[in-house]
Every structure is written in structure tokens, then in C-alpha cells.
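Engineer: The numbering of the sequence shown is our numbering, which starts it at 165 and goes up by one.
By construction, these hints were calculated from the structure, which means they are not laboratory data. Check the hints yourself; a few may be wrong.
Distance condition first, Cα-Cα at most 16 Å in a straight line; then the derived EDC-like pairs of lysine to aspartate or glutamate [as the list claims (entries may be wrong)]:
id, residue 1, residue 2
1, K381, E239
2, K381, E250
3, K230, E250
4, K381, D245
5, K230, D205
Listed next, with one range per pair, are the computed distances between beta-carbon atoms [unchecked claim]:
id, residue 1, residue 2, range
6, D339, T379, 13 to 23 Å
7, C320, Y368, 36 to 46 Å
8, R383, D299, 30 to 40 Å
9, P261, F216, 16 to 26 Å
10, D339, D299, 14 to 24 Å
11, D338, W361, 11 to 21 Å
12, R214, D370, 19 to 29 Å
13, W222, G341, 29 to 39 Å
This one's a predicted model, so the numbers in the text were calculated from it and none came from an experiment. Ideal Cβ placement from N, Cα and C applies to all residues, glycine included.
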Amino acid sequence: MTSIFEHALGADFARLHPQLRRRFGVSVTGGRACLGTGVMDHIWHAAFTRPFLALGTWRNILVPEKGRRVPFTIENYPYVDSHGRETVTFVRTFDLPRRRRRFDATMVYDHERRGIVDYLGSHQHLAVDLEMSVDEHGGLVIRSGEFRLHEGLVSCRLPGAVTGTAVVRESYDDDAGLFRVGVTVSNAKLGPLFGYWGAFRARYVDVVEHGVPATVKPRREEVRR
């Protein structure tokens, strides 16, 4: 019943807060998905990034709007993709005042890279290595590494000058009974680019009984890493 996140963290997985172990312990053999519902206290971006963020919405990547107290959901379903890889969805849906936005990702454990590869977007055309660690309070810290573009015949690394480094921090608030999440994307030269923070409650559903909705799966699965 080992999850892809337990593979990535190894012995450090046991240092996570018990609620985070449950949440990131979702796996195909475990047969459960984690569904979160909550509010983003703040979604922000630097003004000059908006055209780039708007471009990403064509394939469900990033959010070009700003907002406060934005309702959102996150869907983490484990399944085996068409290439035989255990995959976990990270589909975030933001109910902004004028429209709904999605930020899709699917994660797999890559044995050769010895870590998680995160495929971004509805067509998995961006792949990024993730480095995971556990902080002193049992929270999970995820830092992005190298970005790669896979589109048609094109398959290449993207230089750091045109990408950013994402840092995700997730913790559990025992007093409030909530998961808390914060994301910041920064560029070494341009500074902070985009981010959000908020909180949510989670529930767990039986994947064997209810299945995995087709709506959370990517429209195209990319085998290149």
C-alpha cells in the first residue's frame, strides 16, 4: 500500500503529521482518493506575468486572476495510466467571481530519477522534477526542479531564465481541523511571480466503489519524462 509520496520521502514519510500521512498515503492498492474543499485566502501574481498566466489557461495551467476568499476544491485520485504508471491527480478548481479556473497536474514516481515527476496541464506537455522534504513541524515542503517541454516532436529542457521555482508548503492545523497550503513561484532574476495560500477540509472516497472521474484525467498522457 506504499504511495508514490512514501516512495519519494522514504523513511521521512513517517515524520509527516498523521493527517498528512493519510492524505499523501493515497494509492491504487489503498483504494481511496482524497477530496478537499476550502477557501484560498489570497491568489496573487506580479502584473507583468498576467499574459503568461493567461496563456497557460488554454491547457489548465495557472490562474491569471487575483482574488481573496476564493472557494476552491482539490481532487487527488490515484490510478494506473495507459503507460502502466501509478498516477495521482492534483486537480485544483478555483471559483473566481467571474469564472471558474482549473490548475491540473498529475504526478508519478520515476524510479530512474528516484523522485516524483509532475506533469502539468491537461495534455501533460510540461514535466518538472519535484523535491520533497518534511519540516520540523511535520509539514510537507515541495520544491520544483528542472522543467521540460514535450510537445509533438519537440522535447527539451527549459532554461531557468524563462521558468520559476515553485515552493509548496502543506501542513495540518489541529486546532482548526484544516489542511493549510501555500504556494509561491519565483524567478531568480524577476523575483516573486505567482502564488496563493488558503485552507481546506478533506474527505476520503472509495475509488473501487466510485471509480476515477474521467474529468480529472489528462486529455493526453505523455511518456517522456
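Engineer: Please verify whether K381 and E239 have alpha carbons no more than 16 Å apart.
Structural biologist: holds (11 Å)
Engineer: Is 19 to 29 Å a correct range for the gap between the Cβ atoms of R214 and D370?
Structural biologist: violated (41 Å)
Engineer: Given the range 16 to 26 Å, decide if the beta-carbon distance of P261 to F216 lies inside it.
Structural biologist: holds (22 Å)
Engineer: Does the Cβ distance between D338 and W361 fall inside 11 to 21 Å?
Structural biologist: holds (18 Å)
Engineer: Taking only the CA atoms, is the gap from K381 to D245 under or equal to 16 Å?
Structural biologist: Given that 16 Å is the threshold and the Cα spacing comes to 9 Å, the pair holds.
Engineer: Could you tell me whether the CB distance from D339 to T379 stays inside 13 to 23 Å?
Structural biologist: Taking Cβ atoms as reference, D339 and T379 lie about 34 Å apart, which means the hint is violated.
Engineer: Below or equal to 16 Å on CA atoms is what counts here, so check K230 against D205.
Structural biologist: Given pair K230, D205 holds - Cα atoms ~11 Å apart, limit 16 Å.
Engineer: Against the range 29 to 39 Å, how does the distance between the Cβ atoms of W222 and G341 compare: consistent or not?
Structural biologist: 37 Å Cβ-Cβ, so the 29 to 39 Å window holds.
Engineer: Decide if the proposed pair is consistent with the structure: K381 and E250, CA atoms, cutoff 16 Å inclusive.
Structural biologist: Status holds; Cα separation ~13 Å.
Engineer: Taking the Cβ atom of C320 and the Cβ atom of Y368, is their distance within the range 36 to 46 Å?
Structural biologist: Cβ of C320 to Cβ of Y368: about 39 Å, so the range 36 to 46 Å holds.
Engineer: Against the 16 Å threshold, does the CA-CA distance of K230 and E250 hold or violate the hint?
Structural biologist: Distance ~34 Å between K230 and E250 Cα, so the pair is violated.
Engineer: Could you see if the CB distance from D339 to D299 stays within 14 to 24 Å?
Structural biologist: holds (18 Å)
Going through the hint list in order, the structure does not satisfy hints 3, 6 and 12.
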